[in-house]
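2 protein chains.
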Amino acid sequence: MKINSQRRDVFYVSDGTAITCETLGHVVLSQFSFIPDEKTFPFVDSTERAAEVFKEIEASYQHSGIKPLVFFSIVLPEVREMVCRAPAHNYDVLGNIVQKVQDDIQMAPQPQLQRSRSVGKDSESYFDRIAAVEYTLAHDDGITLKGLDEADIILLGVSRSGKTPTSLYMAMQFGLRVVNYPLIAEDLAAIRLLPEFEIHRHKLFGLTIAPERLSEIRENRLSGSDYASAKQCQLEVDTVEALFRREAIPYITTSSLSVEEITSRILERTGLKRSLFC
Amino acid sequence: MKINSQRRDVFYVSDGTAITCETLGHVVLSQFSFIPDEKTFPFVDSTERAAEVFKEIEASYQHSGIKPLVFFSIVLPEVREMVCRAPAHNYDVLGNIVQKVQDDIQMAPQPQLQRSRSVGKDSESYFDRIAAVEYTLAHDDGITLKGLDEADIILLGVSRSGKTPTSLYMAMQFGLRVVNYPLIAEDLAAIRLLPEFEIHRHKLFGLTIAPERLSEIRENRLSGSDYASAKQCQLEVDTVEALFRREAIPYITTSSLSVEEITSRILERTGLKRSLFC
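One line per chain: the protein sequences are A and B, in this order. Numbered according to the numbering used here, the first sequence terminates at residue 278, and the numbering increases by one at each position without gaps. Numbered according to the numbering used here, the second sequence terminates at residue 278, and the numbering increases by one at each position without gaps.
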């Protein structure tokens with residue numbers, strides 16, 4: 001049976017979590033116009049598991065008459081070969097680059113199962129990561145301002161400017177200890193920096209957002225409220241941006257950015273160390 | 001000047017967040033024994049930015065006499081070419097695969113700046129993601145058991161078994177709504193499932209952990225406490241695992257697993273849809 005060629009089955013197969021395969025595959029697929037039907041097989045580290053994957057790929061091909069795409073990352077040769085014998089277009093997301101690095105620097109790789117995200121040998125940095133998530137949770141939305149000495153960065157912004165998701169992403173992916181503090185509507189007339197922040201001025205970073213976008217986001221939460229009104233959003237954004245400028249606090253506009261983009265831009269502006277956990 | 005060849009400068013250069021470059025680069029480097037000195041250049045989307053990166057790469061080479069490694073992902077040809085003219089070993093993390101997909105499926109790619117993580121056109125799924133993070137935060141550590149209907153999964157486990165970081169990772173990276181509920185020491189004698197969970201039985205999933213590892217993690221937090229003692233940890237783990245078995249709740253052991261691995265294994269066991277946000 002022929003199926004609409006605008007759709008195509010895509011498989012991610014890895015002997016680890018498959019997250020690297022998915023990450024890379026998504027970026028590759030974003031450049032093509034077909035609609036992918038995706039399926040992920042993590043922890044394929046035996047010929048038994050590989051045989052199951054082989055059957056699934058084969059079934060996809062028999063069902064659609066179209067070869068699926070397979071993005072894979074598998075260290076064990078016998079497992080890899082079994083997956084690659086299935087009727088599909090295969091893409092080794094790492095293999096070619098590892099080979100090229102080996103040739104370029106004349107150093108033999110030491111292939112190991114994809115355990116880059118495992119705790120194992122790097123237990124200390126793993127504890128650091130968990131501690132960063134806990135610190136950030138405890139300092140979300142101004143819950144407490146104790147322990148600011150330990151903060152890597154303090155995010156300021158109006159409600160719904162993206163502080164919480166950005167803070168958690170920075171903690172989870174980069175192991176940073178993030179405080180976030182809301183600049184509240186009622187304070188606007190007398191808006192100023194809290195005295196607690198004075199000695200941590202160098203850690204302050206502002207998030208702002210286009211008033212129209214802010215209104216849209218708040219409407220999504222509290223439709224028809226004053227809180228979501230164009231006027232209120234405009235007032236809050238104007239006031240907060242004036243504060244950022246007056247106090248020389250660096251800031252960025254989050255309007256159409258994802259948490260990954262916001263985080264990347266903050267790290268770039270502040271020079272905070274990027275140490276991605278993966 | 002020659003520098004210890006056990007170290008080598010590594011650059012990640014992208015016209016987007018560079019997170020894909022870093023992710024792939026880390027996995028590649030994990031297979032080699034040298035120590036990388038890493039630096040990331042995100043948002044390199046103009047020849048001006050490319051010229052800055054060129055200078056940094058050149059300076060690295062002149063300083064060390066060793067060609068650095070450059071993992072890059074850049075769509076604009078003139079930007080890419082400028083980066084690639086620097087004295088380095090270059091690895092295009094996407095280019096070869098995009099070309100190969102094009103050849104295999106006979107479809108021209110539509111190169112675009114690396115905006116796969118941008119909000120833009122896919123605003124709805126972005127709201128879903130933020131909503132998942134907020135739901136998960138609101139349901140962390142048993143804060144509330146309201147709204148369980150909306151939960152994708154309910155994680156159960158003793159204190160320090162990894163529930164909170166796993167929940168937040170599942171929400172942030174896969175857009176899942178996660179409840180986590182602690183099985184508390186004082187409840188152990190009379191441990192049973194809360195009535196609130198009865199109609200959501202199919203969503204329950206247990207996390208457990210080796211008692212020695214649990215004790216180590218708790219010692220790290222409250223050294224010398226009863227809470228961290230080997231005896232207490234053993235008791236809690238035994239009791240909770242007996243509950244999981246008695247109630248036929250699927251569970252995994254988190255002891256030496258990262259949040260990525262725990263998440264991947266849970267998704268595999270439950271069949272929850274994997275839709276990685278990136």
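Be aware that a few hints might be false.
What the hints assert, rightly or not - Pairs of lysine-lysine, DSS-like flavour, derived with a Cα cap of 25 Å: (1) B:Lys146 - A:Lys67; (2) A:Lys273 - B:Lys67; (3) B:Lys203 - A:Lys67; (4) B:Lys146 - B:Lys203; (5) B:Lys203 - A:Lys39.
Hints in this document: simulated from the structure, not taken from any laboratory.
Taking the hints in turn, this is what the structure says about them:
With a C-alpha separation of about 46 Å, the suggested pairing of B:Lys146 with A:Lys67 is violated against the 25 Å cut-off. For the proposed pair A:Lys273 and B:Lys67, the alpha carbon gap of about 23 Å is at most 25 Å, so the pair holds. A C-alpha spacing of about 35 Å is found between B:Lys203 and A:Lys67, which places the hinted pair above 25 Å, so the restraint is violated. Of the supplied pair hints, the one linking B:Lys146 and B:Lys203 holds, its CA atoms being roughly 15 Å apart against a limit of 25 Å.
Under the criterion of a C-alpha separation no larger than 25 Å, the hint pairing B:Lys203 with A:Lys39 is consistent with the structure, at around 21 Å.
Checked against the numbered hints given earlier, this structure breaks hints 1, 3; the rest are met.
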